[in-house]
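These protein sequence lines map, in sequence, to chains C and P. Under our numbering, the first residue of the first sequence carries the number 1, and numbering increases by one thereafter. Under our numbering, the first residue of the second sequence carries the number 1, and numbering increases by one thereafter.
You may find that some hints are simply not true.
Here are the simulated DSS-like cross-link-like pairs (lysine-lysine), alpha carbons at most 30 angstroms apart as the crow flies [said to hold, decoys possible]:
#1 C:98 to P:52
#2 P:19 to C:42
#3 P:22 to C:45
#4 C:110 to P:40
#5 C:98 to P:18
#6 C:79 to P:18
#7 P:19 to C:79
#8 P:36 to C:45
#9 P:18 to C:110
#10 C:42 to C:2
#11 C:79 to P:22
#12 P:22 to C:110
#13 C:79 to P:52
#14 C:45 to P:52
#15 C:98 to P:22
#16 C:42 to P:52
#17 C:2 to P:40
#18 C:98 to P:36
#19 P:18 to C:2
#20 P:40 to C:45
#21 P:52 to C:110
#22 P:52 to P:18
#23 P:19 to C:45
#24 C:98 to P:41
#25 P:41 to C:79
#26 C:98 to P:19
#27 P:19 to C:110
Label pairs and their calculated CB-CB ranges [to be verified]:
#28 P:70 to C:76: 25 to 31 angstroms
#29 C:49 to P:67: 39 to 45 angstroms
#30 C:49 to P:5: 23 to 29 angstroms
#31 P:14 to C:67: 51 to 57 angstroms
#32 C:49 to P:14: 27 to 33 angstroms
#33 C:3 to P:67: 25 to 31 angstroms
#34 P:79 to C:40: 37 to 43 angstroms
#35 C:56 to P:58: 23 to 29 angstroms
#36 P:22 to C:46: 35 to 41 angstroms
#37 C:53 to P:96: 50 to 56 angstroms
#38 P:51 to C:15: 34 to 40 angstroms
#39 C:45 to P:70: 23 to 29 angstroms
#40 C:110 to P:40: 18 to 24 angstroms
For the record, the hints were derived by calculation from the structure and aren't laboratory data. Where is the CB? At the ideal position from N, CA and C, for every residue including glycine.
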Amino acid sequence: RKEVEQDPGPFNVPEGATVAFNCTYSNSASQSFFWYRQDCRKEPKLLMSVYSSGNEDGRFTAQLNRASQYISLLIRDSKLSDSATYLCVVSIYNQGGKLIFGQGTELSVKP
Amino acid sequence: ETGVTQTPRHLVMGMTNKKSLKCEQHLGHNAMYWYKQSAKKPLELMFVYNFKEQTENNSVPSRFSPECPNSSHLFLHLHTLQPEDSALYLCASSQAGDHVADTQYFGPGTRLTVL
Chain C
1 RKEVEQDPGP FNVPEGATVA FNCTYSNSAS QSFFWYRQDC RKEPKLLMSV YSSGNEDGRF
61 TAQLNRASQY ISLLIRDSKL SDSATYLCVV SIYNQGGKLI FGQGTELSVK P
Chain P
1 ETGVTQTPRH LVMGMTNKKS LKCEQHLGHN AMYWYKQSAK KPLELMFVYN FKEQTENNSV
61 PSRFSPECPN SSHLFLHLHT LQPEDSALYL CASSQAGDHV ADTQYFGPGT RLTVL
């Protein structure tokens, strides 16, 4: 089983749509959770951290369910500029900042 | 824009060549990382350096040799690579590698092709 598994994608949605990405992780010692965004042929950049209580940043909402070992990212009112690959990332307790990346879910927002 | 720079951005090398990738961070961080990103695969952590000391070697073949002369610079020395080593090599830095919640900042990567 992959340590971090994401929806395979790609997701093709029209502008203005709401899209949700799902991610599961296998290591119960996972402590910190993130969503990174990677544009085509560019480096990954932090989109948002994910907190136990859930958190929102504008059109983006992240949720964490520790019991189910599940993380989600919701994008509302999607824009053309949201087109990218979204990476689910976890770090493991006591492994010195080591990040485990999912394979990514590609999003393409069309006019 | 980025506080982490990498050179070269593109590299084509033969299997018998020796080359080096360079990474520099201008963020005052103490931890630096090398990752490999192959097509359709997740990012794979290769090496971690904390305060210039290597703290992680993720079972990387010896044909990849890292070097960290100070907290701001990280090198990846390459020799006798294989075609399957062709990938995007990303450098990242964070405040300190012992804090699991530290954000990692990535450089733009070196796209390596081994012929």
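Now the hints, each set against the structure:
no., hint, in the structure
1, C:98 to P:52, "holds (16 angstroms)"
2, P:19 to C:42, "holds (22 angstroms)"
3, P:22 to C:45, "holds (20 angstroms)"
4, C:110 to P:40, "holds (23 angstroms)"
5, C:98 to P:18, "holds (29 angstroms)"
6, C:79 to P:18, "violated (44 angstroms)"
7, P:19 to C:79, "violated (41 angstroms)"
8, P:36 to C:45, "holds (16 angstroms)"
9, P:18 to C:110, "violated (44 angstroms)"
10, C:42 to C:2, "holds (24 angstroms)"
11, C:79 to P:22, "violated (36 angstroms)"
12, P:22 to C:110, "violated (38 angstroms)"
13, C:79 to P:52, "violated (42 angstroms)"
14, C:45 to P:52, "holds (24 angstroms)"
15, C:98 to P:22, "holds (21 angstroms)"
16, C:42 to P:52, "holds (27 angstroms)"
17, C:2 to P:40, "holds (14 angstroms)"
18, C:98 to P:36, "holds (14 angstroms)"
19, P:18 to C:2, "violated (34 angstroms)"
20, P:40 to C:45, "holds (18 angstroms)"
21, P:52 to C:110, "violated (46 angstroms)"
22, P:52 to P:18, "holds (23 angstroms)"
23, P:19 to C:45, "holds (27 angstroms)"
24, C:98 to P:41, "holds (18 angstroms)"
25, P:41 to C:79, "holds (26 angstroms)"
26, C:98 to P:19, "holds (27 angstroms)"
27, P:19 to C:110, "violated (41 angstroms)"
28, P:70 to C:76: 25 to 31 angstroms, "violated (44 angstroms)"
29, C:49 to P:67: 39 to 45 angstroms, "violated (31 angstroms)"
30, C:49 to P:5: 23 to 29 angstroms, "holds (25 angstroms)"
31, P:14 to C:67: 51 to 57 angstroms, "holds (52 angstroms)"
32, C:49 to P:14: 27 to 33 angstroms, "violated (43 angstroms)"
33, C:3 to P:67: 25 to 31 angstroms, "holds (28 angstroms)"
34, P:79 to C:40: 37 to 43 angstroms, "violated (31 angstroms)"
35, C:56 to P:58: 23 to 29 angstroms, "violated (34 angstroms)"
36, P:22 to C:46: 35 to 41 angstroms, "violated (23 angstroms)"
37, C:53 to P:96: 50 to 56 angstroms, "violated (26 angstroms)"
38, P:51 to C:15: 34 to 40 angstroms, "violated (47 angstroms)"
39, C:45 to P:70: 23 to 29 angstroms, "holds (25 angstroms)"
40, C:110 to P:40: 18 to 24 angstroms, "holds (23 angstroms)"
In summary, the structure is inconsistent with hints 6, 7, 9, 11, 12, 13, 19, 21, 27, 28, 29, 32, 34, 35, 36, 37 and 38 from the numbered list given earlier, while agreeing with the others.
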